[in-house]
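For the record, the sequence lines run as chains A and B.
In this text, residue positions in the first sequence follow the numbering used here: the first is 1, and each later residue adds one.
In this text, residue positions in the second sequence follow the numbering used here: the first is 1, and each later residue adds one.
These are calculated hints, taken from the structure and not from any lab test.
Just so it is clear, the structure is predicted and the values come from calculations on it, not from any experiment.
Any given hint could turn out to be false.
Identical copies look the same in the list; a pair holds intra-copy or inter-copy alike.
What the hints assert, rightly or not - Think about it this way: if two alpha-carbon atoms lie no more than 25 Å apart in a straight line, the pair counts; the simulated DSS-like pairs of lysine-lysine are: (1) Lys638 to Lys137; (2) Lys506 to Lys613; (3) Lys30 to Lys638; (4) Lys757 to Lys252; (5) Lys342 to Lys32; (6) Lys32 to Lys638; (7) Lys95 to Lys506.
There are 2 protein chains.
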Amino acid sequence: MFGGWRPEALRADTGQDAWLRYAPLETAAKAKYASLPASVVVLGHSPVLRTAQEEMIRGVRGMMAKTLRAEKGVAERAIVLGTLAAMHAAGYSLKAPKLEGDGFWLTTGQIQGIDCLIVASTSDLGVLYGVFALLSKIARDQTFSSLDEVQQPYALIRWVEQWDNLNGTIERGYAGPSIFFENGDVRADLRRVGQYARLLASIGVNGCTINNVNADPRIIDDSFLPQLARIANEFRPWGVRLAVSVDLSSPKVIGGLDSFDPVDPRVIEWWRAKVSKIYQQIPDFGGFVVKADSEGRPGPSSYGRTPADAATVIARALKPHGGLLLYRAFAYDHHLDWRNPKNDRARAAYDIFHPLDGQFDDNVIIQIKYGPIDFQAREPVSPLLGRLERTNEGIELQITQEYTGQQRHLCFLPTMWKEILDFDLHVSGNKTPVKDLVAGKVFHRPTGALVGVANVGLDANWLGHPLAMANLYGFGRLAWDPNLSGEAVAEEWTRLAFGNDPLVVKTITDMQRASWYVYESYTGPLGAQTLTDILGSHYGPGIESSERNGWGQWHRADHDGIGMDRTVATGTGYTGQYPPAIQNRYESVRATPDELLLFFHHVPYTYLLHSGKTVIQHIYDSHYDGAEEAADFVRQWKSLQHHVDEERYAAVLARLEYQAGHAIVWRDAICNWFFRTSGIRDAKGRVDHHPHRIEAETMQLQGYGSIEVHPWENASGGEGIECVTPSGCTATLRFDRPAGWYEIDVQYFDQNNGESKFRVFVGNQQVDEWIANDHFPATKPSGDSSTRRRIPGLALRPGDEIRVQGIPDGEEHAPLDYIEVRASPAER
Amino acid sequence: MFGGWRPEALRADTGQDAWLRYAPLETAAKAKYASLPASVVVLGHSPVLRTAQEEMIRGVRGMMAKTLRAEKGVAERAIVLGTLAAMHAAGYSLKAPKLEGDGFWLTTGQIQGIDCLIVASTSDLGVLYGVFALLSKIARDQTFSSLDEVQQPYALIRWVEQWDNLNGTIERGYAGPSIFFENGDVRADLRRVGQYARLLASIGVNGCTINNVNADPRIIDDSFLPQLARIANEFRPWGVRLAVSVDLSSPKVIGGLDSFDPVDPRVIEWWRAKVSKIYQQIPDFGGFVVKADSEGRPGPSSYGRTPADAATVIARALKPHGGLLLYRAFAYDHHLDWRNPKNDRARAAYDIFHPLDGQFDDNVIIQIKYGPIDFQAREPVSPLLGRLERTNEGIELQITQEYTGQQRHLCFLPTMWKEILDFDLHVSGNKTPVKDLVAGKVFHRPTGALVGVANVGLDANWLGHPLAMANLYGFGRLAWDPNLSGEAVAEEWTRLAFGNDPLVVKTITDMQRASWYVYESYTGPLGAQTLTDILGSHYGPGIESSERNGWGQWHRADHDGIGMDRTVATGTGYTGQYPPAIQNRYESVRATPDELLLFFHHVPYTYLLHSGKTVIQHIYDSHYDGAEEAADFVRQWKSLQHHVDEERYAAVLARLEYQAGHAIVWRDAICNWFFRTSGIRDAKGRVDHHPHRIEAETMQLQGYGSIEVHPWENASGGEGIECVTPSGCTATLRFDRPAGWYEIDVQYFDQNNGESKFRVFVGNQQVDEWIANDHFPATKPSGDSSTRRRIPGLALRPGDEIRVQGIPDGEEHAPLDYIEVRASPAER
């Protein structure tokens with residue numbers, strides 16, 4: 001609680017404190033808060049109240065170098081923390097506004113004749129949330145001289161989920177191993193878990209599911225429960241409830257029964273007894289998450305039972321203890337026949353769960369992904385969100401950037417989440433935005449939920465990309481208050497994570513706000529989904545991986561056109577799942593907004609968008625524009641040199657430079673594929689025309705040999721070169737353009753199964769060298785491993801020999817795609 | 001040469017590149033140099049010329065992201081590097097100024113009709129120096145549109161010495177183990193050695209002695225020579241000559257002879273053959289340094305020979321190969337009878353070496369410490385510097401802060417060195433400043449020398465304190481050009497190490513310039529030398545350690561007065577060693593400047609200084625002022641937050657805060673000692689009166705017991721407390737002052753033989769905790785280990801119980817001296 005031992009104070013910012021840095025305020029700001037009371041009074045006793053008081057002290061200590069007095073009663077001006085009930089019991093008469101659940105009230109007022117700053121709530125946890133809100137105001141240099149503010153959480157359940165495996169890996173985690181598990185057990189050192197709980201509490205997140213939805217049944221084995229209890233102990237002071245994902249076959253796999261049929265009395269008893277044992281050890285246990293009958297997971301269908309049958313047995317075991325069951329609606333047949341144009345994976349959640357509306361107990365929440373497919377960069381809102389009237393529902397968002405750049409690319413997701421949460425489904429004639437539906441406000445459900453899949457890891461900065469933590473922050477803030485704007489969230493986070501320098505605040509906020517649109521524009525066009533490799537990495541381009549298989553992420557692009565016809569009239573009928581107003585919009589090709597056109601309709605490439613462009617030209621333009629904008633992020637970030645700490649400056653710069661290069665890989669793959677498929681040229685003459693590009697396979701090669709890259713569009717010209725000579729190979733070209741300043745981009749492949757070395761020479765002069773030692777999700781030359789190295793500021797002369805030397809390592813054969821030689825920006 | 005592999009580029013500044021960071025220029029500065037030629041032509045072949053060309057490319061690449069073309073001839077606008085001879089041979093006609101030695105000429109001019117930027121010298125090494133000068137101008141944002149500048153080194157020999165032991169330790173090294181040796185051998189990894197040579201070359205240092213002057217004879221054992229050759233290989237490309245310290249008894253100890261008598265023909269032959277073998281392996285070997293007949297080292301006196309005899313045999317062995325012998329004048333009897341008021345260690349160098357003037361060969365240099373004692377914070381200039389007319393001499397300065405704070409305290413030594421180098425000894429009626437004497441200019445000696453004892457270590461930032469590298473930089477710069485001002489040197493270094501932000505440049509330059517005066521003012525007064533523990537650490541206060549022993553660093557302070565009478569009239573006669581003008585000044589107590597008064601005269605404490613103060617009041621005032629100024633460094637540094645990188649910001653802040661606390665330890669030890677010794681009160685009532693101090697031994701103790709600290713003045717009240725109960729002890733007091741914001745300073749002892757833990761409570765509230773895990777040179781409570789922990793911003797109320805808990809570890813018994821409770825600055 002004291003900012004650590006002295007040696008730790010010497011470290012540069014590693015990102016571990018994320019938005020809770022409590023960095024020393026500037027002198028002027030410090031003066032603004034000089035009249036802050038010297039005492040902090042907490043009324044009552046509980047681990048959470050103790051945390052609230054300690055956090056208040058810690059925050060003021062960090063920002064103002066003052067240690068508030070921890071007091072039990074008001075004897076002088078004080079910051080008073082407590083529930084309204086405790087204030088009343090202490091005889092402090094306050095005219096309190098209406099407060100519910102974990103909402104809080106920040107105000108100034110007299111207590112026993114003494115001016116105080118009051119943080120009140122109906123719950124201990126609400127008091128903690130109020131403390132974080134107050135500290136955030138100070139850190140963001142906000143004035144609160146006449147403070148009188150009430151905040152209420154929008155939805156009761158604001159949980160994050162982690163897809164951690166017991167062996168310590170994380171499915172779709174991009175920032176190191178699990179903070180919870182290691183080698184099949186809970187880690188001995190749980191300090192990061194406590195730190196994580198603190199971060200979660202600070203944004204109002206009140207639960208965390210710690211293991212993969214593809215659950216290992218052992219997670220609730222009796223022998224494992226004491227280990228879970230250790231994690232719950234770390235969560236408890238922060239009001240974060242522990243939950244786990246369970247496997248429906250557990251009664252059979254770890255319970256020794258010969259069945260897991262949810263209506264079998266032995267199964268019912270098994271769940272009852274199991275849950276009871278859990279609560280003996282973890283009295284505030286949050287509940288379970290279930291993924292069943294989906295992507296190969298066991299489920300009630302094995303016994304001809306419905307999800308409602310399965311949910312009921314578990315929910316009733318949880319009910320006496322106050323536990324919740326989050327039952328995922330992400331269930332679909334992944335062996336769909338792609339030849340049948342009526343088949344549509346997008347229909348699955350609605351088709352399965354809508355008929356069951358009303359059959360779930362009140363402590364069950366149907367957890368629905370925001371779109372009908374799977375966390376694509378752009379999807380329409382899931383129709384199921386508007387159609388459960390007698391069942392609790394929640395929305396599942398994804399903080400970890402599975403399909404949105406895996407924390408290698410900047411992609412601020414609250415912008416997307418805001419579009420989804422604000423989307424009006426027109427369910428009942430009134431305004432029924434998704435945020436109201438998932439909060440239970442529309443159908444007056446007792447429980448609503450916003451769930452985010454976070455997947456933080458042991459990397460010091462939790463998510464890998466130093467700017468990606470804005471997504472975790474933004475999830476919590478929007479779950480608490482979805483009426484906040486994306487801009488406000490981005491600015492709040494920037495101030496907390498980087499301070500209040502106006503240039504820094506504006507630049508980072510602007511970059512974050514633009515980033516999702518930029519990512520979308522160089523990956524998936526017009527609602528055709530993220531055109532990534534859906535069968536493997538979910539990272540780089542993989543256009544045809546969606547097609548001709550049972551996974552159902554089809555975009556149906558062929559020689560003539562692209563898009564899934566999901567209309568009632570001629571397609572899969574999916575649009576019929578929406579309420580009439582929305583159905584009408586999506587049923588009509590003209591009424592469908594451009595950005596979702598291809599999700600709902602199959603159109604020819606020459607179809608004219610509302611923008612006035614043809615579909616094909618839009619594909620070309622958006623990918624070129626997007627790659628340009630990604631490059632511009634680098635320029636914007638560079639303006640912050642000396643305005644942010646050197647460590648994060650360098651780390652972010654490296655990621656943005658990589659992103660700018662990978663955006664070109666995406667651009668070229670998609671443009672080339674659509675050009676070859678459609679046969680329609682880019683009106684602006686850019687596609688398949690790279691005047692400054694020299695294919696490696698056309699260079700003069702020594703040792704290097706050409707290879708085909710699959711799919712072909714992921715390498716320029718479909719080919720690259722590789723070197724199997726241990727001492728290395730070279731690729732050479734003669735420069736024949738006018739003398740001047742140039743930059744050379746070397747496009748190479750950086751696999752995760754070797755660390756090749758590269759050197760670049762102009763004549764006999766070595767001008768660069770690097771090791772391809774990053775860990776992209778690729779063991780061969782591909783759109784995942786394709787990487788750009790920029791060598792700026794080279795004075796080239798006609799006749800110069802440019803030579804790239806590659807030295808292979810392991811299974812990585814120093815593979816090269818092409819080089820580009822362009823005039824340096826100043827002289828272009 | 002390319003700024004490293006990509007992962008290294010992500011690191012925060014560790015200080016490894018010191019003043020050669022080549023950080024990217026701001027955009028405006030980059031524009032200023034946009035017209036820099038695109039090529040760099042080097043004329044000729046040599047390792048040093050290759051280095052020069054590579055460094056030019058590296059620097060421009062780092063600062064401007066441009067890679068200059070390495071060319072062999074001028075075909076277009078170019079930066080042309082080469083000797084005048086090579087330029088002439090290439091047919092480039094230049095009207096060159098007169099250049100000598102390794103001087104260089106930076107100019108612009110036409111070569112074969114093409115505008116070029118020219119770096120010319122008479123030597124390859126001079127070309128390298130010119131390249132560093134050019135790059136430094138760019139890094140410091142200097143204009144050089146009409147460049148025409150000649151620089152000549154002032155003295156031929158500009159060497160650093162390292163006191164590294166073969167086991168890897170460094171005598172008087174404060175920044176980690178040796179970069180050269182480990183476990184008795186040269187280290188396998190010599191990368192740091194090459195980096196060091198680059199730093200040295202960049203400031204014109206052309207030689208480096210790598211081992212302790214208390215030399216292990218094995219350094220020149222035949223079996224060791226191949227290891228030395230490896231180091232020389234790292235030095236060679238940077239024009240740094242390798243030298244070693246040798247032990248005069250080597251012919252006996254490693255040579256198998258039964259004598260090392262310098263006139264014994266077998267000894268003469270042994271040295272001849274040994275040197276010959278060295279040069280076979282290291283053709284550019286620099287030579288030897290000798291410390292003999294000093295502090296227990298063997299020497300010619302064993303055989304009744306003189307230093308000249310000893311020097312001659314070695315010099316003649318070196319002569320045919322061009323090697324030099326640096327013979328240290330630091331020779332004295334350390335068993336002087338302190339009872340004899342005529343004895344005076346200060347006389348030794350002159351008494352021994354002056355009679356031998358003219359008896360040394362031309363490749364011998366007498367290496368003379370700047371003062372007659374030993375690197376004290378203030379000494380008069382050594383008289384021997386002015387009295388060797390027929391012998392080469394050099395001055396020995398100390399970069400490692402042995403007596404000046406050991407890189408724990410900020411102490412910019414070039415300020416002192418400038419006073420010394422500019423000091424006019426009036427040897428011949430003309431102006432004869434020390435800089436001219438040691439450069440050989442006064443008596444027209446062939447060789448002059450400036451030698452600096454550097455003692456860099458394996459710590460990433462070389463010297464420990466991030467601001468201490470200004471001393472190494474400043475040594476090189478002043479050795480090259482002693483006419484530079486200290487301010488200019490400080491500013492140059494600041495710009496190179498921290499960039500050109502005006503606030504940063506001004507603040508750090510000002511701090512550096514003040515720092516030596518500040519250090520002197522809270523340590524040693526009026527030329528009485530650094531009043532440190534001269535028998536051990538040479539670090540914290542140890543006033544009486546100088547007295548009543550044979551080491552001769554006496555200040556003769558007693559009840560009545562203080563100072564060494566070194567006059568001819570009534571004292572040791574030391575003043576008689578100076579030329580008449582200087583002798584007259586120091587012989588007269590009135591003519592002696594205040595700052596050296598006590599070095600030359602014994603005076604009563606009531607003696608009135610030129611300043612109008614009594615000696616005793618000066619002692620009190622200067623120590624209080626000095627401690628205040630040390631505290632002010634913290635304030636100044638804090639103004640740079642967000643202007644320098646966070647890592648160095650935090651590291652420097654921690655050292656300055658420590659220094660501010662240790663300055664108080666110094667202040668109190670010296671003031672209390674002189675108060676008790678003289679019985680004269682401080683006219684300002686500060687000494688021995690600390691209204692806000694509570695002695696630990698007077699607090700309510702549980703488990704803690706009092707201990708005496710020796711010498712008594714190094715702990716407040718002569719006592720402290722310690723705890724031998726493993727579970728810990730407490731010391732408690734009741735606060736009885738008005739309510740308000742306070743800060744508490746806890747004065748504790750941080751030894752190097754344990755890591756005690758401390759916690760501080762106000763009532764039941766823990767307000768701070770820390771571990772005493774620094775490594776001060778102390779195994780007991782002392783002036784070396786005394787350390788201050790400041791706890792700012794505490795709201796205290798009358799009746800509060802303040803409790804310090806100490807938990808011992810190892811041999812460190814959580815020792816405490818006192819605590820101070822003061823109103824917080826804003827409310828004072």
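Taking the hints in turn, this is what the structure says about them:
1. Taking the shortest Cα distances, Lys638 and Lys137 sit within 25 Å of each other only across copies (24 Å), while inside one copy they are farther apart (28 Å).
2. Proximity of Lys506 and Lys613 under a CA criterion of 25 Å is satisfied in neither setting, with 33 Å inside one chain copy and 58 Å between copies.
3. Taking the shortest alpha-carbon separations for Lys30 and Lys638, only the inter-copy value of 14 Å comes in at or below 25 Å, while the best intra-copy value is 29 Å.
4. Taking the shortest alpha-carbon separations for Lys757 and Lys252, neither the intra-copy value of 52 Å nor the inter-copy value of 53 Å comes in at or below 25 Å.
5. Taking CA atoms no more than 25 Å apart as the test, Lys342 paired with Lys32 passes in neither setting, with 65 Å inside one copy and 66 Å between copies.
6. Only between protomers do Lys32 and Lys638 lie at most 25 Å apart by alpha-carbon distance; the minimum there is 19 Å, versus 32 Å within a single protomer.
7. In the homo-oligomer, the alpha carbons of Lys95 and Lys506 never lie at most 25 Å apart, since the shortest distance is 39 Å inside one protomer and 55 Å across protomers.
Taken one by one, the earlier hints fail for this structure at numbers 2, 4, 5 and 7, listed in ascending order.
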